[in-house]
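Residue numbers for the sequence shown follow our numbering, beginning at 151 and rising by one.
Fair warning: there could be bad hints in the mix.
Pairwise CB distance ranges, derived in the manner of DEER restraints [claimed, not checked]:
1. Gly295 <-> Ser273: 21 to 27 Å
2. Gly217 <-> Ser162: 20 to 26 Å
3. Ser201 <-> Ser273: 24 to 30 Å
In the DSS-like style, the derived pairs of lysine-lysine whose C-alpha atoms are separated by at most 25 Å in a straight line are [said to hold, decoys possible]:
4. Lys228 <-> Lys256
5. Lys205 <-> Lys228
6. Lys305 <-> Lys270
7. Lys205 <-> Lys270
8. Lys281 <-> Lys305
9. Lys270 <-> Lys256
10. Lys281 <-> Lys270
11. Lys281 <-> Lys256
12. Lys305 <-> Lys228
Everything labelled a hint here was simulated from the structure, so no lab data went into it.
We put the CB at the ideal spot given by N, CA and C, even for glycine.
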Amino acid sequence: MEEKQSILDGYSDMEKGAYLGAIASIATADSEASQEELDYLSILCNSAGLSDAQKQIVIRAATELTGTELNKCLDVLKNSDLKHSLIADMIAFAKADNEYTQAERKAIQYAAAYLGINDKQFSLLDEFADKATHAEPQQNMGSQGFLSSLGLEDKMRSAGINTGGLLKGILSIAAPLLLSRMFSGGRRRFGGGMLGGGLLAGGLGSLIGMLAGNRGYRRSGGFLGGLFGFK
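Construct the entire structure; sequences and hints are all you get.
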């Protein structure tokens, strides 16, 4: 039996939520989240091992995450070895519907600057997202050798990019084709009814309820607090 892999393996729900929440913010950078973007985000949630309830909150973030909440997501990852992976994944997500708009690029550049990523690093991460997305699925995408096969390992090390952290999100930028093969049968479309009511009828509130405690942010309490492991 083939071993199932997952993105963000070994990271906390807080980091996963912040990571996917930041990616979700790109869905509305150009004012409208496409169905392709919502489907792709759903695949990422499945790949990260989020529960259905957590997944619905992240999907909802694709239409409701505010600038302040995005900054809080980025604050969680600012000193994380995931920050370079995040920017690459945000780029890949923005391009998933084959329409990489100026608004999306501007939003990702803002996130990169907030995380302290310079122009050279951003350019390499953009190149990485393109090459990894179009790489053959047979390549060992989770290994350090994958970066060498793309001709990017030495360039990234020289630019100060944490290549180890970059590989933690590699499956999320390996294109929907690879993920849908790994998680066949797990894709679900999120129509207006599911996004607009039911479980989340009370509103998103703050996706960043998980940033409580030692992060210094106020708990959202109740529903969101329970989802991300707070008592």
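Earlier hints that do not hold, by number: Structure breaks hints 3 and 7.
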